[in-house]
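Engineer: Fit chains B and C to the supplied structure of chain A, relying on the hints for placement.
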Amino acid sequence: MELWNYIEYGAWALAALLGLHMLVDWLKTDSTYDEDVLISSREGELEAMAEEHKVH
Amino acid sequence: MADVDITSQTMDGMGPHGTKVGLLRVLGPAHVWALGVGIVLVGEYMGWNFSVGKGGAYAALIACWFAGILYSCVAMIDSEVTSTVASAGGQYTQAKHIIGPLMAFNVGLYLVFAYTMLEAANAITAGYLFSVVATMTGYSGELDQRPFIILVITFLAWLNYRGVLATLTFNLVITAVAFSAIIILFLSTSGILGGGIMDHAALFEGHELPYGWVGVLAAMHFGLWYYLGIEGTTQAAEEVRSPARSLPFGTLAGIMTLLIAATLTWYVCSGILPWEFLGDGVDGAVAPLFSAAQLSGSMALVWLLGFGTLFATLASANGCINDASRAWFAMGRDKYLPGWFGAVHPKYRTPYRAIIFLVPIALIFALGAPLDQVITFSILSGLLGYTFMPLNIILFRRKWPLDTIKRGYEHPFHPIPAIALLTLCGVTFFAVFLGYGTQLVAMIGFYIIVSLWFHFWRYRFVNRGAQFTMPWPKPRGY
Amino acid sequence: MAHYTPPKQGKASQLFDVVVLVVLTIGALFVPLWLNMAGAAKSVANPIADPTWEALGQNAAQAAKYEALGFTPETAHDLILARFDYSFSIGALLTMIVVIVLYYFLILRFSEVEYREVISEKFGK
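Residue numbers (our numbering), protein chains in the order written: chain A, 679 to 734; chain B, 1197 to 1674; chain C, 779 to 903.
I should point out that these hints are in silico values taken from the structure, not numbers from a laboratory. Keep in mind it's a predicted model, so treat the numbers as computed, not measured. Hints may be right or wrong, so weigh each one.
Claimed, not checked - Computed cross-link-like contacts, SDA-like style, restricted to lysine to any residue with a CA-CA straight-line distance of at most 25 Å:
(1) Lys786/C / His1651/B
(2) Lys1602/B / Arg894/C
(3) Lys1216/B / Asn1659/B
(4) Lys1543/B / Glu713/A
(5) Lys843/C / Gly1387/B
(6) Lys1670/B / Arg720/A
(7) Lys843/C / Val1498/B
(8) Lys1216/B / Thr707/A
(9) Lys1602/B / Phe901/C
(10) Lys820/C / Glu1401/B
(11) Lys706/A / Tyr1544/B
(12) Lys900/C / Arg720/A
(13) Lys843/C / Trp831/C
Same shape as in the complex, but just chain A:
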């Protein structure tokens, strides 16, 4: 076994770990919060609040 073989295995393991972390967090988030909260984002919030589209 050479050094690069270990690096290969390391890459596999790290990729799996990061993927798993996302997966676990995703499932946890989906079960903790209400779906209505999660998909409550609406387009154009800032425009509605902060900007007036009038020429001064």
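Structural biologist: What follows is chains B and C alone, placed relative to chain A:
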């Protein structure tokens, strides 16, 4: 609605239409620059040199500058529209407000495709780089590139999942390093610092235009690669603190950076590498700046450009994940795609479901298709998007003339940029046709099928009036 | 104009829509590959036996660069001589133009219909 203070911590992300968890507004103009340039700069490190192969070194320079004009038009037009339509989804949201839902659906898909394919191309290149480094450090076997390709995609997706500020700050740092590497290579090989090794006149002798003028046209195909993706700055609109100022500033600074980087790259590489080698991105110069550094004889330059290439691919893949997921998210939010994708992570404030969903898609492309194919699909989707932009700006100015809504930026000389852009898109379609006509037709066939699917099936789930969210007056002529 | 209320889409139907899109996407990428219609390959029209740098059309400076890159005239032969074929038929060109124009016409047409509905619901007649 003046009682809603968007700068307060407790109200952050909430809004008057019922948003309880929205994307986080934390980015400044430097992040916009990093997103735009970060996605594109990899094009200087690999890919653009196919245009040399298509028509020779001069043809590549002509293509570089004409594509530069094309993208300057793109940047100006985009800056004007996006300074008023500041929303995740970028051109998708623009199309929805200005042309109509089906156009918007197509534009959204162009964006997701162009970026996901580009992300796959970057991951393939990064995997290749790891194998080069392994060989350089004395590894005798054949390195398995797959774990590195997968690691690049999952790591960057993970970074994107965890928050936009860290993601784009990371991009800012590695993009700056990659850009500096090009400058340093130019300074140290051109004779400005130490002895120069460039010899343009002798290298071009007898090979000025090996294909004649048709080669110049053909070179436009990969000429786009110098700048492809700069239009992605608009995807950050919903996460930028003051979009009306930051987006035009970051985008226009970005295109200027790229014009400099592209010209320097052409100058360095064409003065050091013979055109046949430079123009063959498969058996010749896979990473031309890196090859140029190898010929400089300086080990320091070799490592610098090696890291520059790796950083450029990472920055690009990173930006692509950011942009593709914003576009996918925005379409989900409007029910153009299943509404499930319109979710925002309550803690990290990112479109987390869109990010996760696109990971396996990118992996399929990165592990299953050859590089030039993936690049061509990315370019084609980009090109369809650029063809949409002139139509977009002409209709925008017609439906809402300058005195009807306030614009953060107004681009000059309208409609000349729009006409120039449309003409150059036509030339590029012809260039793509010369090498990849079948893919072009297959791609458009795909878009026709999904358009019919959208119009006759999917659109029933979309709210009609509510998807028009900008506080604009009624468009002229309706 | 009457307000349009979209039906609520169930989980299974959402999933089905995603699968349809993914299948179409992957099809668009891989079908040309499977049919072997992808890509523009370069080929060597007139190979040269026993190549030298001069025979390959390389001057001294060019040859020096190739040698620095680790090539010999033999190994650089294919790299240097391979060329693309840019010949095409007018029929194929016309087909492409028609397909592109038809495509944009189709989406602009349908978009306009949908857009008028959006505007009239948002702003009233």
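Engineer: Confirm or reject each hint.
Structural biologist: Hints versus structure:
1. Lys786/C / His1651/B: holds, 17 Å
2. Lys1602/B / Arg894/C: Since the Cα atoms of Lys1602/B and Arg894/C sit roughly 23 Å apart, the hinted pair holds (cutoff 25 Å).
3. Lys1216/B / Asn1659/B: holds, 20 Å
4. Lys1543/B / Glu713/A: With a Cα-Cα distance of about 14 Å, the restraint between Lys1543/B and Glu713/A holds, given a limit of 25 Å.
5. Lys843/C / Gly1387/B: holds, 18 Å
6. Lys1670/B / Arg720/A: holds, 21 Å
7. Lys843/C / Val1498/B: holds, 17 Å
8. Lys1216/B / Thr707/A: holds, 15 Å
9. Lys1602/B / Phe901/C: Satisfied, since the Cα-Cα distance of roughly 19 Å is no more than 25 Å.
10. Lys820/C / Glu1401/B: Measuring from Cα to Cα gives roughly 23 Å; hence the hint holds.
11. Lys706/A / Tyr1544/B: Answer holds: Lys706/A to Tyr1544/B is near 13 Å, not above 25 Å.
12. Lys900/C / Arg720/A: Holds, because 16 Å separates the two Cα atoms, which is no more than 25 Å.
13. Lys843/C / Trp831/C: Holds, because 11 Å separates the two Cα atoms, which is no more than 25 Å.
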